[in-house]
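Visitor: Sequence:
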Amino acid sequence: MSPDLKRMFINHLFIKPIRVGVVLLFLVILSLDLGAQAPLIRQPYPKTWVGRVFLDHHLKLYVHPFKDLKATSTYTLMAGSAFALSYAFDASIERETSTWIASRATLRNLSEGITIGGGFPLVLGVPTLLYVYGSWRQRPKMRRHGLILGQCVGHSLISSYLFKALTGRSRPTLTSNAQEWQFLPRSWSDLIEDPSGPKRAFPSAHSAMAWSMASYMTRSYQNKKWVGATCYSLAGIVALSRVTQGEHWASDVVIGSLLGYGIGRFSYWVNRRTDHLRMVPWKRKKETSSKF
Numbered sequence: 147m148s149p150d151l152k153r154m155f156i157n158h159l160f161i162k163p164i165r166v167g168v169v170l171l172f173l174v175i176l177s178l179d180l181g182a183q184a185p186l187i188r189q190p191y192p193k194t195w196v197g198r199v200f201l202d203h204h205l206k207l208y209v210h211p212f213k214d215l216k217a218t219s220t221y222t223l224m225a226g227s228a229f230a231l232s233y234a235f236d237a238s239i240e241r242e243t244s245t246w247i248a249s250r251a252t253l254r255n256l257s258e259g260i261t262i263g264g265g266f267p268l269v270l271g272v273p274t275l276l277y278v279y280g281s282w283r284q285r286p287k288m289r290r291h292g293l294i295l296g297q298c299v300g301h302s303l304i305s306s307y308l309f310k311a312l313t314g315r316s317r318p319t320l321t322s323n324a325q326e327w328q329f330l331p332r333s334w335s336d337l338i339e340d341p342s343g344p345k346r347a348f349p350s351a352h353s354a355m356a357w358s359m360a361s362y363m364t365r366s367y368q369n370k371k372w373v374g375a376t377c378y379s380l381a382g383i384v385a386l387s388r389v390t391q392g393e394h395w396a397s398d399v400v401i402g403s404l405l406g407y408g409i410g411r412f413s414y415w416v417n418r419r420t421d422h423l424r425m426v427p428w429k430r431k432k433e434t435s436s437k438f
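To convert, note that position 67 of the sequence shown is 213 in our numbering; the numbers rise steadily by one, no gaps.
No lab work stands behind these hints, which were simulated from the structure alone. The beta carbon of each residue, even a glycine, is placed where N, CA and C say it ideally should be. Keep in mind that the hints are not guaranteed to be accurate.
[Said to hold, decoys possible] Pairwise CB distance ranges, derived in the manner of DEER restraints: (1) Pro-286 <-> Ala-375: 23 to 33 Å; (2) Arg-198 <-> Leu-231: 38 to 48 Å; (3) Tyr-367 <-> Ser-281: 17 to 27 Å; (4) Ala-230 <-> Ser-322: 13 to 23 Å.
[To be verified] Cut-off 30 Å, straight-line C-alpha distance, at most; resulting in silico cross-link-like pairs (DSSO-like, lysine-lysine): (5) Lys-287 <-> Lys-371; (6) Lys-287 <-> Lys-370; (7) Lys-287 <-> Lys-206.
Whenever a hint applies, use it, and build me the whole structure from the sequences.
Guide: If you want it as structure tokens, here you go:
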């Protein structure tokens with residue numbers, strides 16, 4: 147068998163099915179978050195370490211979709227449709243956006259500032275500020291929000307970075323071909339590549355983190371519409387800046403935003419029965435806990 151024929155045979159029998167499987171797996175995991183329902187979360191947590199709760203919740207993040215297949219299939223279809231629609235126009239959106247913003251220096255600088263500030267300064271600063279202020283002013287509810295927003299960021303980072311490594315999609319800064327993927331790492335160096343590297347486009351971690359925080363805060367203050375409007379507007383601006391900066395394709399941002407929205411909703415429901423949390427894994431003699 148000639149090398150070209152052998153390569154074509156392997157590509158059609160193995161590589162393409164694996165690519166489809168990776169995308170489907172991502173959409174199934176995404177659907178778990180969007181389909182998270184309160185009745186499925188029954189067990190209250192005793193007074194325990196916040197790290198243990200985070201790990202337990204993150205495991206539920208991947209197990210949950212198989213407990214409610216009806217909701218999973220519905221939201222998988224919705225997420226798949228959103229991805230397919232945005233994916234079809236990735237190249238044209240990137241081309242028009244880059245041309246439009248290239249001639250507007252002020253907007254380009256503003257976009258760069260937003261995409262930098264919307265990264266770790268925002269997603270680490272807000273939870274830390276809420277937790278520290280809540281502890282200082284003895285406001286358990288605010289301290290609680292800081293802890294759970296930190297969980298949202300952690301879930302978003304781990305989930306998005308996992309799929310960045312599995313899909314290996316090239317960023318617009320590397321290529322003009324929106325269909326350039328490298329599914330599954332081919333070497334150890336591919337696996338441990340910098341998450342902000344040129345082949346780590348899908349999905350957008352910035353969008354996932356921003357939308358997870360916005361989704362959680364909106365559900366926590368459902369009676370205050372201005373909170374939801376403000377949070378979702380800020381999350382949308384952060385996500386948009388990733389496209390205008392040429393760091394992501396439109397479909398990366400769409401899926402990242404959906405993933406973040408689902409994680410925020412999941413974190414809201416799964417923490418409703420959390421009773422007490424400790425910041426350290428050991429019990430202290432005189433323990434000051436955060437009662438949720």
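Visitor: If a hint holds in the structure, say so; if it does not, say that too.
Guide: Verification of the hints:
1. Pro-286 <-> Ala-375: 23 to 33 Å: Holds: the Cβ-Cβ distance is about 26 Å, inside 23 to 33 Å.
2. Arg-198 <-> Leu-231: 38 to 48 Å: Holds: the Cβ-Cβ distance is about 40 Å, inside 38 to 48 Å.
3. Tyr-367 <-> Ser-281: 17 to 27 Å: With a Cβ separation near 20 Å, Tyr-367 and Ser-281 satisfy 17 to 27 Å, so the hint holds.
4. Ala-230 <-> Ser-322: 13 to 23 Å: Given about 20 Å between the Cβ atoms, the range holds.
5. Lys-287 <-> Lys-371: Since the Cα atoms of Lys-287 and Lys-371 sit roughly 19 Å apart, the hinted pair holds (cutoff 30 Å).
6. Lys-287 <-> Lys-370: holds, 16 Å
7. Lys-287 <-> Lys-206: This hinted pair holds, its Cα atoms lying about 24 Å apart.
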